[in-house]
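Residue strings, one per chain:
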Amino acid sequence: MPISHIMASGMTGMRAAGDLVARMQFSKNMRLGEAKDFVAKKLGVSNADLSDEFVMREIREELDIGVITSVPGCAKGIAAKMNIEKLLGIDINCCDTFRNTIA
Amino acid sequence: MATEYFLRMGDGQKIFMTKEDILADIESGCADAADLGDIPTLSEDEMDHMLDIITAPGRIVGVEPGLEVPVTHDIGAIRIDGDQGNSGVGIPASRLVGSMVHERAFGADTMELGHIDYSFKPVKPVISQECQTMESCQQNMVIPMLYGAMPNMGLYYTPDGPFENPGDLMKAFKISEAQDSIQHAGDHGIRDMVWIMQKLQKVGSDGVNFDTIGAAGDGDVYASLNAIEQLRKEFPNMYINAGMAGELVLGMHGDLEYDGTRLAGLWPHEQVLLAEKAGANTFGPVCNTNTSKTTAWNLGRSVTFTKAAVKASNIPCHADMGMGVGGIPMLETPPIDAVTRASKAIVEIAGVDGI
Numbered sequence: 027m028p029i030s031h032i033m034a035s036g037m038t039g040m041r042a043a044g045d046l047v048a049r050m051q052f053s054k055n056m057r058l059g060e061a062k063d064f065v066a067k068k069l070g071v072s073n074a075d076l077s078d079e080f081v082m083r084e085i086r087e088e089l090d091i092g093v094i095t096s097v098p099g100c101a102k103g104i105a106a107k108m109n110i111e112k113l114l115g116i117d118i119n120c121c122d123t124f125r126n127t128i129a
Numbered sequence: 046m047a048t049e050y051f052l053r054m055g056d057g058q059k060i061f062m063t064k065e066d067i068l069a070d071i072e073s074g075c076a077d078a079a080d081l082g083d084i085p086t087l088s089e090d091e092m093d094h095m096l097d098i099i100t101a102p103g104r105i106v107g108v109e110p111g112l113e114v115p116v117t118h119d120i121g122a123i124r125i126d127g128d129q130g131n132s133g134v135g136i137p138a139s140r141l142v143g144s145m146v147h148e149r150a151f152g153a154d155t156m157e158l159g160h161i162d163y164s165f166k167p168v169k170p171v172i173s174q175e176c177q178t179m180e181s182c183q184q185n186m187v188i189p190m191l192y193g194a195m196p197n198m199g200l201y202y203t204p205d206g207p208f209e210n211p212g213d214l215m216k217a218f219k220i221s222e223a224q225d226s227i228q229h230a231g232d233h234g235i236r237d238m239v240w241i242m243q244k245l246q247k248v249g250s251d252g253v254n255f256d257t258i259g260a261a262g263d264g265d266v267y268a269s270l271n272a273i274e275q276l277r278k279e280f281p282n283m284y285i286n287a288g289m290a291g292e293l294v295l296g297m298h299g300d301l302e303y304d305g306t307r308l309a310g311l312w313p314h315e316q317v318l319l320a321e322k323a324g325a326n327t328f329g330p331v332c333n334t335n336t337s338k339t340t341a342w343n344l345g346r347s348v349t350f351t352k353a354a355v356k357a358s359n360i361p362c363h364a365d366m367g368m369g370v371g372g373i374p375m376l377e378t379p380p381i382d383a384v385t386r387a388s389k390a391i392v393e394i395a396g397v398d399g400i
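Sequence lines, in order, name chains P and L. Every position in the first sequence, counted from 1, becomes a number in the working numbering once 26 is added. Every position in the second sequence, counted from 1, becomes a number in the working numbering once 45 is added.
Chain P on its own, in the form it takes in the complex (with noise of 0.2 Å):
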């Protein structure tokens, strides 16, 4: 069923930009359009650009923000949300804890 959902509606999070939007509306309670206004404007593409894998994949890749498949050498896990951190001007918690951590 979540599956249906994501097919009919969902963003595709890390196969567009899906996490990106759902940061911006959990971290600043921004509404959707706001939210996509402002994750494509640092991303310097059109709202509707946001769901596209073809559009993405390559954005997402030259970030280093997270990539949906296994490429040797990208930023995964904390690297990939230290980068979007960067990128949206947010603090991630967990990324706040491994500083820390390793002061």
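FYI, nobody ran anything at the bench for these hints, they're computed from the structure. Hints may contain errors.
[Stated by the list, open to error] Quick list of in silico lysine to any residue cross-link-like pairs, SDA-like style, CA-CA up to 25 Å:
no.	chain 1	residue 1	chain 2	residue 2
1	P	Lys-112	L	Pro-102
2	L	Lys-169	P	Thr-123
3	L	Lys-64	L	Asp-77
4	L	Lys-338	L	Pro-102
5	L	Lys-356	P	Asn-73
6	L	Lys-244	P	Phe-124
These numbers were taken from a predicted model, which means no experiment stands behind them.
Got chain P sorted already, so can you dock chain L onto it with the hints?
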């Protein structure tokens, strides 16, 4: 002979109806929600749009490109390794693996970690295990990863918990004793939920999903809103989703309030204002499915309630669209035709910010 279109009953059974009969059911479902919630019904154009969605010829439908929304998840990876009781498919996999499957294979926009019981109370004895698993998930995953659980105040009453069962007390006409028991359970629940999330935030959790708030009535809502308020004060950047259990808050206590508002009898467009006030980032409006009615009736009712909540809200609304809610049939394996139609309708007509 009039053309008939296939749709579903609220229990998932396939049925055939004419366009006129489907539209009549949509109108009736919308009118029921409008009457109960004292909210506007859908416009004629919106009902026609819903009719088009329901009678679309394809097995699967989807939103217009550009209108996609983030899809958040409840129940966590229990969907993968859990048993039938949690709608799980019984694949032996760790919760980290299950969560990464959601991220990398399913295309989930957010994910959450959940305990096999999926209630807050049983998490207490295994909190270190939950923290360890959350750490592993955060180290390996990219999408937002919350901790999800149900407030489930029912676990605080006898025979499962320390407080006398309010149902038993009410049957004995001990009304004020029943109210005291609900209040005590609520206060206990607040303490537990805050303590659990304090531990999980310290190991890097993105936040919390309060799932099925109000399942045990207004005491459940009282506990959840107060827990949200306390967590927001302590963790200003924490992601908090307040997902409801039903369209109406049942008045098991009857007099409980949050910030001067009586909780019993609140509808989604009123619930969201309190969730927002308490400090939630997102709100999950719910409308339960009536299995004796068609999906046309249920979808009309659900979209009407949800649209009013979306309009009243200042925070993103992620509609709860699981089995047996949101116009989706009450079935462990809801038919894909019904799910995708409900998904499209809730996005394009109710205007939700997510699912």
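| request: Find the hints from earlier in the document that the structure breaks and name them by number, from lowest to highest. | output: 1
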